[in-house]
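Enquirer: Read off the chains here:
Number of protein chains: 2
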Amino acid sequence: MAFAFPARLGILGGGQLARMLAEAASTLGVEVVVMEREPDSPAGRIAAREITGPWDDTDGLRALADESLAITLENEFVDVASLRWLEAHGARVFPTAATLARCQDKHDQKVAAASAGIAVTHFRAVAGADDIIEAAREWGWPLVLKARHNSYDGYGNVTVRGSDAIAPAFEALGFPARGLYVEAWVPFVRELAVIVARGHDGAAVTYPVAETVQEGHICRIVRAPAEVAPAVARLATQTASQVVEAFDGVGVFGVELFQTEGGGILFNEIAPRPHNSGHYTIEACVTSQFEQAIRITLGLPLGSAAMVTPVAVMVNVLGRADGSATSEGLDAALAIPGAHVHLYGKLASRTGRKMGHVTALGQTLAEAEARALAAADALRLVALE
Amino acid sequence: MAFAFPARLGILGGGQLARMLAEAASTLGVEVVVMEREPDSPAGRIAAREITGPWDDTDGLRALADESLAITLENEFVDVASLRWLEAHGARVFPTAATLARCQDKHDQKVAAASAGIAVTHFRAVAGADDIIEAAREWGWPLVLKARHNSYDGYGNVTVRGSDAIAPAFEALGFPARGLYVEAWVPFVRELAVIVARGHDGAAVTYPVAETVQEGHICRIVRAPAEVAPAVARLATQTASQVVEAFDGVGVFGVELFQTEGGGILFNEIAPRPHNSGHYTIEACVTSQFEQAIRITLGLPLGSAAMVTPVAVMVNVLGRADGSATSEGLDAALAIPGAHVHLYGKLASRTGRKMGHVTALGQTLAEAEARALAAADALRLVALE
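As they're listed, the protein sequences go chains G and P. Those letters in the first sequence? Residues 1 to 385, per the numbering used here, in order. Those letters in the second sequence? Residues 1 to 385, per the numbering used here, in order.
Warning: the hint list may mix true and false statements.
A few chain P residues that face chain G, going by a derived Cβ cut-off under 7 Å, partial list only [said to hold, decoys possible]:
{"#": "1", "residue": "F5"}
{"#": "2", "residue": "S26"}
{"#": "3", "residue": "L28"}
{"#": "4", "residue": "A101"}
{"#": "5", "residue": "Y155"}
{"#": "6", "residue": "G179"}
{"#": "7", "residue": "V286"}
{"#": "8", "residue": "A335"}
Partner residues are not named here, just some residues of chain G that face chain P (Cβ under 10 Å, in silico) [said to hold, decoys possible]:
{"#": "9", "residue": "E23"}
{"#": "10", "residue": "A97"}
{"#": "11", "residue": "A114"}
{"#": "12", "residue": "G117"}
{"#": "13", "residue": "I118"}
{"#": "14", "residue": "A119"}
{"#": "15", "residue": "T121"}
{"#": "16", "residue": "H122"}
{"#": "17", "residue": "Q238"}
{"#": "18", "residue": "S241"}
{"#": "19", "residue": "I282"}
{"#": "20", "residue": "P337"}
{"#": "21", "residue": "Y344"}
Since the hints were made in silico from the structure, they are not lab data. Even for Gly, the Cβ is constructed at its ideal location relative to N, Cα and C.
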């Protein structure tokens, strides 16, 4: 199916993932229409059209559908009802509303994965403190209390080490207004992530297994490929593919996994969109996760997910202070050989906010990581004094 | 020097080079303001702001200067007076008006290069047919008659094989309204091109020497690195660097060269901007020519120009018919492994118009070229029937 130019692709959400989707779309001659709640989003500023309004605004959704060949999303917090509305009005939306519905609630994700035979840690929904006490009796402390919805970058996870910690955790997470579930602590040796790109015909390509290193529940470093035994990589890849298939996913998915002692793999969570653990694919793989998402959304063939370099390391650039964002340190970062700096153009820095990332390619993870870390550390991005 | 976000860079011109500059700027969190004569240019559609009007419109230039941290250009047809106006009004413009003034007239380019001691073929300005007859007497037929200004993609060059051909060539080139010069035919064995990125401090990085293959005076294929003896590559690199230094260039420059029998190098022409012969650098080099231009314009450090792959081949995608552009053949092109397809989003296809390009990386030029050609040939981009 050919389309005419100008050609526009719709994106629900306007953050950095949408911006990197827009960059990938541009190389194929395709512009984007972004729908975001507030104006001046990272992607909105390079979009051909920025629709501002809540994601359930039908006027906005209608404009998005009218102007777009097809629509994708950059986060899983969009209302499933909005995707259903778009589909009912003839829009081509990938991932589909049905897949988003299965991904949106992290508790229900686990239920669906477990019923598809995929290994997960113990978990249960939380109606009150008793459920946590009961969980601790069965699985022991610590437990991890998680929000079912709208959690990202650690905003939504609390490790609970005893019954005294339940009430403060409830308060921190906004329970009972916000639904929670509780998980057994996983004594993992390493966290892994796999990007899976799955097309309309069910054929999928999987990217190399990456290791993710979190600090304070926020992804800090991604190493690709992960230094794991071939059998572990195979099991991780297979698990990630099975999860995406179980959710009948069409699009790009980030699947987070735990590697346990003994080489077991447990499914942790799935994101129905390009994922922070796959940013390294921009420079390190034949086809980036973002181009892959554009291809799938437009019904074009999948590209190769092979790496073009032995290893790649990505380091997130997190805000170090609250204030107006500047390019402070960009010159120092760009002076580091082979540091691929990505800034998202966010206007406000906040401590811990994802402001950009750096990828370094190399022959060994150690030297690539040293360069990526040096460049990321050089980026201060705080207000000019 | 740090800048605040949102940060905008200005570009004079809105074609595909400006679009690829905008894509590179976006990865650094920087948006672009494009000034182009007509609306809806390839870059204008992904720009934060598109100023439409003639390049000598001072209202437009003032807006461009006001909104941009610094300004660059995507073609050499912009009035030097406009750059001078911008500089006089405090704008940071790279390449500078002085450099553009030396590049804009292809005859004067050659004069300047020759006086800097750089080897060029015989050439002379043309005031009438007599100059051509005289040139033929000295250098023999054929001769190449070239427009001094505004020539690109073969619109501006005519090979003249005898005195009967002078009058038709004058007519084809619009002489005397358009100034011309004449060159001795160069019995070159191959055309080469080198991208030179030169910073504010005069330090430069040079990209690998590439071979360019023209068909009907339009670049069709670029092979990098060129299969030439090391001494030839060194001489080509040195010549390209000398030319850019002779023009006191700050920015990214495409330098076209002839390799003659015996391994000599003659300077052909210079473009004061990213160049078609450097599109392969997007995937094949650590820092693309476009990111390099953004870095220099913003006063940031130069990046490495090293290749990340043994070889790369770029094939231009030229319009095959006049009509509305579509994505016809894009699916077939993307199904070819490792074909990096770039479409410029041009709304109208015209025979011979540059509509996009394909780059393939590989271990050997032959296999990379086969893949890039197959993908480029698959892209029909003609109107839907």
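Enquirer: All hints, please: hold or fail.
Expert: Outcome of the hint check:
Of the supplied interface hints, the one on F5/P holds, with its beta-carbon coming within about 5 Å of a beta-carbon of chain G, less than 7 Å. Restraint check, S26/P versus chain G: the minimum CB separation of about 5 Å is within 7 Å; hint holds. A hinted interface residue such as L28/P counts as satisfied when its beta carbon comes closer than 7 Å to some beta carbon of chain G; here the least separation is about 5 Å, so the hint holds. Given the 7 Å rule on beta carbons, the hint for A101/P is violated: about 29 Å separates it from the nearest Cβ of chain G.
Restraint check, Y155/P versus chain G: the minimum CB separation of about 23 Å is more than 7 Å; hint violated. About 36 Å separates the beta-carbon of G179/P from the nearest beta-carbon of chain G, more than 7 Å, and the hint is not met. Against a cut-off of 7 Å between C-beta atoms, the interface hint on V286/P holds, since the closest Cβ of chain G lies about 6 Å away. The restraint placing A335/P at the interface with chain G holds, with a minimum CB-CB distance near 4 Å, inside the 7 Å limit.
Taking 10 Å as the C-beta contact cut-off toward chain P, the hint placing E23/G at the interface holds, the least distance being around 5 Å. The interface hint given for A97/G is broken, as the beta carbon of that residue sits about 25 Å from the closest beta carbon of chain P, more than 10 Å. Given the 10 Å rule on beta carbons, the hint for A114/G is violated: about 36 Å separates it from the nearest Cβ of chain P. Using the Cβ-Cβ criterion of 10 Å, the hint placing G117/G at the interface with chain P is not satisfied: the shortest such distance is roughly 33 Å.
Below 10 Å, beta-carbon pairs count as interface contacts, and I118/G has none with chain P, the closest being about 31 Å; its hint is therefore violated. The restraint placing A119/G at the interface with chain P is violated, with a minimum CB-CB distance near 33 Å, outside the 10 Å limit. Annotation: T121/G was flagged as interfacial toward chain P, and the flag is violated, the nearest CB pair being 37 Å apart, outside 10 Å. Checking H122/G against chain P: minimum C-beta separation of about 42 Å lies over 10 Å; hint violated.
Hint on Q238/G is violated. Least Cβ distance to chain P is approximately 23 Å, over the 10 Å limit. Annotation: interface hint on S241/G violated; nearest CB of chain P at approximately 20 Å, more than 10 Å. For the restraint placing I282/G at the interface with chain P, the shortest Cβ-Cβ distance is roughly 8 Å, inside the 10 Å limit, so the hint holds. The beta carbon of P337/G is positioned within 10 Å of a beta carbon in chain P (closest approach about 6 Å), and the interface hint is therefore held.
Contact between Y344/G and chain P, as hinted, is supported at the beta carbon level, the nearest pair being about 6 Å apart and thus within 10 Å.
When the structure is compared with the earlier hints, violations turn up for hints 4, 5, 6, 10, 11, 12, 13, 14, 15, 16, 17 and 18 and for no others.
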